[in-house]
Amino acid sequence: MTQPAQSTSNPLLQLWRNQESRGVIIQIITMAVVFALLAAIARNVVINLEAVGKEFSFGFLLWPAAYDIGFSPFLEYTNQSTHLRAAVVGLLNTLLIAFWGCILATMVGFVLGIMRLSSNWLVSKLSYAFVEFMRNVPILIHILAIYAMVVTLLPPAKKALNVGADAFFLSNRGFYVPSPVFEDGATIVGVVLLISIVLVYFFKRWARRQQDDTGKIYPVLWVSLGILVALPGIAFVATGMPLSWDIPVLKGFNFKGGMAIKPEFLALWLALSLYTACFIAEIVRAGILAVSHGQTEAAFALGLRPNRTLQLIIIPQALRVIVPPLCSQYLNLTKNSSLAIAIGYMDITATLGGISLMQTGKEMETMLIVMGVYLVISLLISSFMNWFNHRIKLTER
Amino acid sequence: MRQKTTAVLSAAALVLGMAGTAQAGTLEDVRDRGVLRCVVSTGIAGFAQPDANGVWGGFDIDFCRATAAAVLGDASKIEAVTSTGKTRFTKLNAGEGDVLWRNTTITFSRDVSVKLRFHGVNYYDGQGFMVKKDLGVSSASELDGASVCIQTGTTTELNLADYFSSNNMNYEPVPIETNDEARQNYEAGRCDVYTTDASGLASTRSALPNPDDHMVLPEIISKEPLGPATRHGDDQWSDIVTWVLNATITAEELGVTMANVDEMKGSNNPEVRRLLGVDGSQGSELGLSDDWAYQIIKQLGNYGEIFERNIGVNPPLGIARGLNALWTDGGLIYSPPFR
Numbered sequence: 001m002t003q004p005a006q007s008t009s010n011p012l013l014q015l016w017r018n019q020e021s022r023g024v025i026i027q028i029i030t031m032a033v034v035f036a037l038l039a040a041i042a043r044n045v046v047i048n049l050e051a052v053g054k055e056f057s058f059g060f061l062l063w064p065a066a067y068d069i070g071f072s073p074f075l076e077y078t079n080q081s082t083h084l085r086a087a088v089v090g091l092l093n094t095l096l097i098a099f100w101g102c103i104l105a106t107m108v109g110f111v112l113g114i115m116r117l118s119s120n121w122l123v124s125k126l127s128y129a130f131v132e133f134m135r136n137v138p139i140l141i142h143i144l145a146i147y148a149m150v151v152t153l154l155p156p157a158k159k160a161l162n163v164g165a166d167a168f169f170l171s172n173r174g175f176y177v178p179s180p181v182f183e184d185g186a187t188i189v190g191v192v193l194l195i196s197i198v199l200v201y202f203f204k205r206w207a208r209r210q211q212d213d214t215g216k217i218y219p220v221l222w223v224s225l226g227i228l229v230a231l232p233g234i235a236f237v238a239t240g241m242p243l244s245w246d247i248p249v250l251k252g253f254n255f256k257g258g259m260a261i262k263p264e265f266l267a268l269w270l271a272l273s274l275y276t277a278c279f280i281a282e283i284v285r286a287g288i289l290a291v292s293h294g295q296t297e298a299a300f301a302l303g304l305r306p307n308r309t310l311q312l313i314i315i316p317q318a319l320r321v322i323v324p325p326l327c328s329q330y331l332n333l334t335k336n337s338s339l340a341i342a343i344g345y346m347d348i349t350a351t352l353g354g355i356s357l358m359q360t361g362k363e364m365e366t367m368l369i370v371m372g373v374y375l376v377i378s379l380l381i382s383s384f385m386n387w388f389n390h391r392i393k394l395t396e397r
Numbered sequence: 398m399r400q401k402t403t404a405v406l407s408a409a410a411l412v413l414g415m416a417g418t419a420q421a422g423t424l425e426d427v428r429d430r431g432v433l434r435c436v437v438s439t440g441i442a443g444f445a446q447p448d449a450n451g452v453w454g455g456f457d458i459d460f461c462r463a464t465a466a467a468v469l470g471d472a473s474k475i476e477a478v479t480s481t482g483k484t485r486f487t488k489l490n491a492g493e494g495d496v497l498w499r500n501t502t503i504t505f506s507r508d509v510s511v512k513l514r515f516h517g518v519n520y521y522d523g524q525g526f527m528v529k530k531d532l533g534v535s536s537a538s539e540l541d542g543a544s545v546c547i548q549t550g551t552t553t554e555l556n557l558a559d560y561f562s563s564n565n566m567n568y569e570p571v572p573i574e575t576n577d578e579a580r581q582n583y584e585a586g587r588c589d590v591y592t593t594d595a596s597g598l599a600s601t602r603s604a605l606p607n608p609d610d611h612m613v614l615p616e617i618i619s620k621e622p623l624g625p626a627t628r629h630g631d632d633q634w635s636d637i638v639t640w641v642l643n644a645t646i647t648a649e650e651l652g653v654t655m656a657n658v659d660e661m662k663g664s665n666n667p668e669v670r671r672l673l674g675v676d677g678s679q680g681s682e683l684g685l686s687d688d689w690a691y692q693i694i695k696q697l698g699n700y701g702e703i704f705e706r707n708i709g710v711n712p713p714l715g716i717a718r719g720l721n722a723l724w725t726d727g728g729l730i731y732s733p734p735f736r
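Protein chains in written order, with the working numbering: chain A, 1 to 397; chain B, 398 to 736.
Don't read these hints as lab results, they were simulated from the structure. Careful, some of the hints might be misleading.
[Claimed, not checked] Heads up, simulated BS3-like pairs for lysine-lysine below, C-alpha to C-alpha not over 25 Å straight-line: (1) K216/A - K204/A; (2) K256/A - K529/B; (3) K530/B - K256/A; (4) K158/A - K530/B; (5) K256/A - K158/A; (6) K529/B - K262/A; (7) K251/A - K158/A.
[Said to hold, decoys possible] Computed footprint of chain B on chain A, listed as stretches where at least three residues anywhere in the stretch have a Cβ under 8 Å from a Cβ of chain B: (8) 147 to 161; (9) 250 to 263; (10) 377 to 385.
Everything numeric in this text was worked out from a predicted model, so none of it was measured. Even for Gly, the Cβ is constructed at its ideal location relative to N, Cα and C.
Just need the whole structure built from these sequences, with the hints factored in.
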């Protein structure tokens, strides 16, 4: 009723002048532009694919792949398998390198980060030099350099280094180790192992409750280790040691039997892990430095010993700073693993996004699948890390 | 990564519409640009390799130059778009190159599914195996259990899989991106065997420090007719590439060489006169100048001269003409008539 006359005369102008409705209008316009752009892109794809006479379909996934993959540790694969199976082999290889990469990167990263904070000058500077060297050289160069070193410095298969007990061999075809062969009764040992893990879990809960109630601290670590070693050990002896080793032997061109860590895997694993570890080292250092020294002093004043202080006071607080950027590093490592293609490690980029793409000519389809796969893996890692972050966050009472 | 970037770029080209513009009118595009872009390999001695000054030379490059001579009148106006076995068709189809001269095997799926247009064979090849002599192997049938270096994304990879499974043999494939990487891995002993087309093996062997320590096994396990390719959808451009190849062959059949081409213009042979543009209007029907074939032969020579200069019996490659001799000499090289 009190509004000026010229505004009521033009309701559109009035909407625009109102800050709230203006916000909504701008958002609607932005969305419209974004969707128009997406639609234009989709239309272009359809028109261009039509112009080259290509059909957009995923049927090619069921055609026989016709090529061989040298590294398929989990899945039976022959050249008669489908492109889909080749993609799955690649996916598993990607997951394998990402899994072991994240583990090694975390371990090395924590060690380097803690070394960097050491009061020992040499230890701290060594860590500093290593971190600065690794993270300031592109990852692709590391991968190629380590691969070249592995392939040219190690001897060929026929002159392989016998690195232990005539069962471990090192050559530029890979690191050959004996593989376990499970015989009758091995399942019993496995079941006993599972039971001991459950026992350890309940013992830990009981010990924690006892500590809360009475303040008495039980040697949880040693008892747990005892349970984990003793029970399966007894079962193993009782069932007559149902385990033998398949030892690699040089036959013809290559070693037969045993397991091999291929040079492609080794080079990629080391390069990715060491490179990412240097970023993790800095994150760990930042995390520990973020816990104020007053916390340590307070713990000492309460009479806690230094290792309990680290375990109960510093690490839980540092983790809150460390975990979110750590997640980004895991994502980086996983995505960087697509550089595998440079040295012929058969990950999903090399199988589906490489050879299958080439043999079928389905660029759009294969690239879309590969992108989707990396997206899903990354989202899974993110959600796991978010869950973990949530678990360790400060519980305020 | 070079390969990945290209694949992504080509996907992006499909998305953003560059591929569409590159469809028709390749001839006009090349004329406007003043330079012909050929998709070639990253380096195979004798076939496509830059010299110390960065100038590309080789058998495939000379055919690229022949195309430039026909279209632009100047064999030097080429740009080499390097590609691995895996990126070549994406590069061609995305319009990064005008024509592909890259020891590429003609196959059904490439012709039909990958949507390429092939224009005849400029080299009849076949897949072979190279091993170190001290391995003591004399036949491919003794290769059970060997590690084999292969360039990924090639027909070689598929032939290899077929050959080993049909002979009930196992092998460890060691996939490699380029010929040079394959050579390094083979030299270091990462693989026992290097397999590719016999011409590529001859070229790789010549580049090894002691070529005599290595041998090419007698088995040839596949037919590899190598030839140029273009995109679908530009018939005029396809005709040009087809007849550039045929012109070099016809010139050899008719005895027209780099040295005598000016003299031959005065020949009484009507086919020579048509070829060199003295009579008839074949050039303008193709959309080129009438002396297009004359320019090819004047600047690069006929098929035989191109062959001998780059890969012929003279060292280092020393490949005999064999299947690549003219049909009149017991080979398979044959051109439809210029009529």
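For each hint, the structure was consulted:
1. K216/A - K204/A: Cα-Cα ~13 Å, so holds.
2. K256/A - K529/B: holds, 21 Å
3. K530/B - K256/A: The hint holds at about 23 Å.
4. K158/A - K530/B: Answer holds: K158/A to K530/B is near 15 Å, not above 25 Å.
5. K256/A - K158/A: Given pair K256/A, K158/A holds - Cα atoms ~12 Å apart, limit 25 Å.
6. K529/B - K262/A: Answer holds: K529/B to K262/A is near 22 Å, not above 25 Å.
7. K251/A - K158/A: With Cα atoms ~9 Å apart, K251/A and K158/A stay inside 25 Å; holds.
8. 147 to 161: holds (count 6)
9. 250 to 263: holds (count 6)
10. 377 to 385: violated (count 0)
Checked against the numbered hints above, the structure violates only hint 10.
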